[in-house]
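Engineer: Read off the chains here:
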Amino acid sequence: MEKITRDALKKALLDITDEIEANQDYLSELDAAMGDGDHGVSMTLGWRAVAEKIKSLEDPTIADLLKTTGMALVSSVGAAMGPLYGTGFIRAAAAAGDAESLNLSQLTKVFEAFRDGVMQRGNAQVGDKTMVDTIVPAVDALKGAEESGSDLISALRAFVVAAEEGMKSTIPLQSKVGRSSRLGERTIGHQDAGATSCYLIFKTFARSVAGGSL
Amino acid sequence: MKKLINDPYKVVDEMLAGFVKAHPNYVRMVHPRGLVRKAPPKKGKVGLMIGGGSGHKPAFIGYIGEGVADGVAVGNVFASPPPEPALEVTKAIDTGAGVLYSYGNYQGDILNFNMAAELAAMEGIRVETVLVTDDIASAPKDQMEKRRGIAGDFFVFKIAGAMAETMASLDEVKRVAEKANFNTRTMGVALSGCTVPAAGKPIFTLGENEMEIGLGIHGEPGVRRGKLETADEVATDITERIIADLPFQSGDEVAVLVNGLGATPYMELYIVYRKVAEILADHGISIYRSYVGEYVTSLEMAGCSVTLMRLDDELKRLLDAPADTPFFVQK
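Each protein sequence line maps, in turn, to chains A and B.
Read left to right, the first sequence gives residues 1 to 214 (our numbering).
Read left to right, the second sequence gives residues 1 to 331 (our numbering).
Because the hints were derived from the structure by calculation, they are not lab data.
Be a bit skeptical, because a hint or two may be false.
[Unchecked claim] Straight line, CA to CA, 20 Å or less: simulated PhoX-like cross-link-like pairs of lysine-lysine:
no.	chain 1	residue 1	chain 2	residue 2
1	A	LYS176	B	LYS146
2	A	LYS67	A	LYS11
3	B	LYS57	B	LYS2
4	B	LYS141	B	LYS10
5	A	LYS176	B	LYS2
[Stated by the list, open to error] What follows is a set of in silico ranges between Cβ atoms, one per label pair, in the way DEER data are often shown:
no.	chain 1	residue 1	chain 2	residue 2	range
6	A	ALA22	B	ALA39	57 to 63 Å
7	B	ARG241	A	GLN120	33 to 39 Å
8	A	GLY144	B	PRO8	28 to 34 Å
Cβ atoms here follow ideal geometry from the backbone N, Cα and C, with glycine treated the same way.
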């Protein structure tokens, strides 16, 4: 496999919806430890809206799929996650341009745009105990694989490993932004819910587009 | 979970349907998640939009009406609404004088309402924002901009709404809202947690002899957990902390709000109020107006918060102004 087709991306987005829904309680429990416990519910509602909108598209391009995902998240979820993930996907759509499919180089650009959108909207940096802690190392891994001439499957494998490490890196951190930051030291020892949902999205995307080969 | 609901994912929509049917003289719907006053806005009056997640009744929709809010954007339980309903409400309540957004200081609300404000600006509507930051437990005083908004919302909305009724400019309405927020301080305690319907499990649970101190209005854990104390001990602890924070001083006049979080009987709120009034008297602080009841709740959480707002002549006049909303009427 050298590139990700439109159909593969569409299937991946629908798979993400299923994965989020299957992990709703887990995400809400993580959020309840430090926040208000709405994360699983907000993510489920948002991705249900994504699935509904995507299924109704006729012959969508890569950019159509990403933009529709972003718009659905912005307009249906609310919470902090709507604008954050929504902006990420809308920027990713712009980066995809009129690509018919995504090779490793194009995929890297799409994820870089996703990362920049989330970071600008949320004003968060690595180490603040947010989804950025998952995104940045995962995108770095993708970029590193691309630069070293790796194939797409190996790059996706490195991407998932780095995302998981990034997610787990939030456990010892003290929250610096968002609602949980008010709890200060009480956040230490808890894995961040946003970093976790982001890992689930990245992992499911990679496994779905790679078929059985990841 | 034991709740009188149907589908946990439809609680907000079904509540809004009931609310609009129950209060047709006060409100109308301009978006499935956006309510505004029934009467069309007076030409030249600044619009006041408040809002945030659901689960805080009577905040926020209960304050739509004369003397308080013109419109509310409604989110899911404890989650900010998306930009779209906020934009639709903004358009419906703007008469050319601009719209003030006022809401508690939470990242989700800020992200979504800022997007709405950007979209409104593209349509030629001027929007200004005043974030409520009254919770002294949520950040130290030198980081006031990080504090979250809780029951103090009520005072800030009341003052801003009263000012808007005088046909003051957007800058003036914003100025008094900021003044009200600066002079308002709150702290709360919880005796039990609450359950987001679609999550199905309590956000936190407390033992028989425990309480959570300094919590927010979303069931999020407080800044510390302690042994359950008597009403007088709790009232003394939080009132003294509030007084020291501004600080309130002898000779000050204040408005007091003892706010129930959803499952605490009025009996207990008045017991707390009694002690708060005693402590204020001891400090030489006089009470100009008192409010005791459920103003900003957290679903079925048990507990209460105490809010003080320091008053000057302008704030007194605006606090005294009449209001007529489904949940708050003052003559």
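Engineer: Against each hint, give a clear statement of whether it holds in the structure.
Structural biologist: Status of the hints after comparison with the structure:
1. LYS176/A x LYS146/B: holds (10 Å)
2. LYS67/A x LYS11/A: The given pair, whose Cα atoms are some 15 Å apart, holds under the 20 Å limit.
3. LYS57/B x LYS2/B: Holds, at about 19 Å.
4. LYS141/B x LYS10/B: Distance of about 39 Å is beyond 20 Å: violated.
5. LYS176/A x LYS2/B: With Cα atoms ~35 Å apart, LYS176/A and LYS2/B exceed 20 Å; violated.
6. ALA22/A x ALA39/B: 57 to 63 Å: violated (48 Å)
7. ARG241/B x GLN120/A: 33 to 39 Å: Between ARG241/B and GLN120/A, where Cβ atoms are some 37 Å apart, the hint holds.
8. GLY144/A x PRO8/B: 28 to 34 Å: violated (44 Å)
When the structure is compared with the earlier hints, violations turn up for hints 4, 5, 6 and 8 and for no others.
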